[in-house]
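*Asks:* Chains as they are written, first to last, in the numbering used here: chain A, 1 to 152; chain B, 1 to 213; chain C, 1 to 204.
Please keep in mind that the hints were generated in silico from the structure rather than gathered at the bench. Do not take every clue at face value.
Claimed, not checked - Across the chosen pairs, the derived CB separations fall in these ranges:
hint, chain 1, residue 1, chain 2, residue 2, range
1, C, Ser188, B, Ala44, 44 to 52 Å
2, B, Lys200, C, Ser188, 52 to 60 Å
3, C, Pro58, A, Gly111, 39 to 47 Å
4, A, Gln73, C, Glu148, 17 to 25 Å
5, A, Thr52, B, Gln9, 39 to 47 Å
Ideal placement from N, C-alpha and C gives every residue a C-beta, glycine not left out.
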Amino acid sequence: LKRLHFGHCVVSVDMYEIRKGFGEIKEMTQAQDQYTSIRLLHRSYSLPDTKTEDRCCFFHYLLEFYLANVFNQCQIYSNFHQRRVSRIANNFLTVKKELNLCDTVTTCPCGKEAIHRYEQILSRFERMDSHSAALKALGELDILLEWIDKTE
Amino acid sequence: AERSPLIQQATFWSTNFENIFTWDHGRETSPGTVYDVQYKTYGAVWQNKSECQNITQHFCNLTRETESYTERYYARVRAVVPDCCVSKWIKSLRFCPKEDTVVGEPEVKYIPNIRSIKFIIQPPYTPLRDEDNQTLTVEDIFSQFDVIRYQIIIFCENTQQKWKKTENNKEFEISELDPGTEYNGTIHIKYLGKISKPRKFRVKTLPDNLWMP
Amino acid sequence: LLVSGALLPAPQNITILSTNMKHFLVWSPLTALGEAVKYSVEFQGEYERDYANDSWIPIGECTGISATQCDITEDISATVPYNLRVRAALGTEVSRWATLNGLFNRVTTSLIPPMLNVMADGHHLLVELEHLGPAFEFLVRYWRKGQEDQVYEKVVRDSNTTVHLETMEAGAEYCVKAQTYVEAINRSSNFSQAQCVKATESKA
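Excised from the complex, chain A in its bound form (with noise of 0.2 Å):
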């Protein structure tokens, strides 16, 4: 488990289950994605070099964003893909659950700048069909996964 501290608030990232699902439908998404010359998850506006204080609510953003516009919203190619984004779609839930029992006032407040970077990432997503908009969130969680492995 990867352990994220925002405040006094410690939320647990089950990586292992994550990478696991990802893992298995990665080389298959990634390869869709045709759009090569778009990032949504640019490093310009990663999670870990956000500012602390902006952290968790960025980190909100992302979990909603990911849970409400791309696991429900990606096509179902099988079976198997869609046991794997099930694996990952409540692994991500577990951690917004726990996310939402932190006191979101004190430990999640929304400065600009997190509501700035989710803007971004937004916007590329929405200029995008969303079926492959989707797709392309999608085969970021590597690096949505990276960010949480660096986030302190």
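With chain A's structure known, arrange chains B and C on it following the hints.
*Replies:* Quick look at chains B and C alone, frame taken from chain A:
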């Protein structure tokens, strides 16, 4: 005019961060066929790899172009058949050196004694250098992301016992062994939940001359 | 025999058997209808209920099977409540879905003390541990007999090879016991029985 793809399996092969882009040529490759290679950082635009334009071999070293090991890259190749045609670009999968490179076997020095063997491990070097132009090893790189460990699996001919020990340091000693006995096994580097290629060893402890008749 | 027109009965007694993070869904067979009955299983995690319109996901390996059990371990892959359901099919006739009574969360799995095999290779204290999969760690405790107040601990993650615990003193007897720990559900098993072995006498 576009021909059926003359290229298959365009892929990165990476060991110790040496990143080689390779491809298989199709069924009957016309004589004189040459290849052009391009690469890009994911999210950016394609660039020509100047040393790999109009080349005849089926590989291209893109180590320098893919030095940022946490970045994501693509490479692509097309075939040009003189006086005929040009194939489609055939693209690699998305490549991330840190996640996709394979760590080769470490070098190991062994110093046998009567009842122990000392192991000194040298992790593989990479083509990458630090700010002081010092060559980096795979340990230098991966230790930024995770604790690196060294696993020894040792087999004792006498007792026919095989066991594993995990060490945190590159230098360690296995003690309380039997004199004049052969031990063999493998040594791996463990990093990011993965394991390097094994270095095999076979070494014999020194005889205990004190007990010679 | 099924009277034509009558609905195929849904499977009964749907239960989960879960031990050491291996989860099986089991149910009673429709015995009266013989071997031709096929069963299909679907699951639904909390995500599917909250974000995906209450959708259900078939388990490929348990679609159209004759057996009355299904290994759902790979699909119960998060620590959230899961819904499970089974239905029967006979030819073109399909029964109603029968849903597990209550949700299943893997946090309730029963953890059993691990099997272990303690050995001495000369002066080396070795332990062989049962391989339970990547979700498991082993907390191994060992001590020298007679010095029970000084207990050593080692965490073992991958248990597919015999593990070296300690270099023993010549002729001394050492004892070992272990428990499993599953970080994903933050629970441990009870400790195993202790096993003791003796180091060979010194040759010097």
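*Asks:* Could one say that the CB atoms of Thr52/A and Gln9/B fall in the range 39 to 47 Å?
*Replies:* For Gln9/B against Thr52/A, whose Cβ atoms are near 46 Å apart, the range 39 to 47 Å holds.
*Asks:* Verify the CB-CB distance for Ser188/C and Ala44/B against the hinted window 44 to 52 Å.
*Replies:* holds (49 Å)
*Asks:* Taking 17 to 25 Å as the stated bounds, is the beta-carbon spacing between Gln73/A and Glu148/C within them?
*Replies:* With Cβ atoms ~60 Å apart, the hint is violated.
*Asks:* Quick one: are Lys200/B and Ser188/C within 52 to 60 Å, going by C-beta?
*Replies:* Cβ of Lys200/B to Cβ of Ser188/C: about 37 Å, so the range 52 to 60 Å is violated.
*Asks:* That 39 to 47 Å hint for Pro58/C and Gly111/A (C-beta), does it hold up?
*Replies:* holds (44 Å)
In terms of the numbered hints stated before, the structure departs from hints 2 and 4, listed from lowest to highest.
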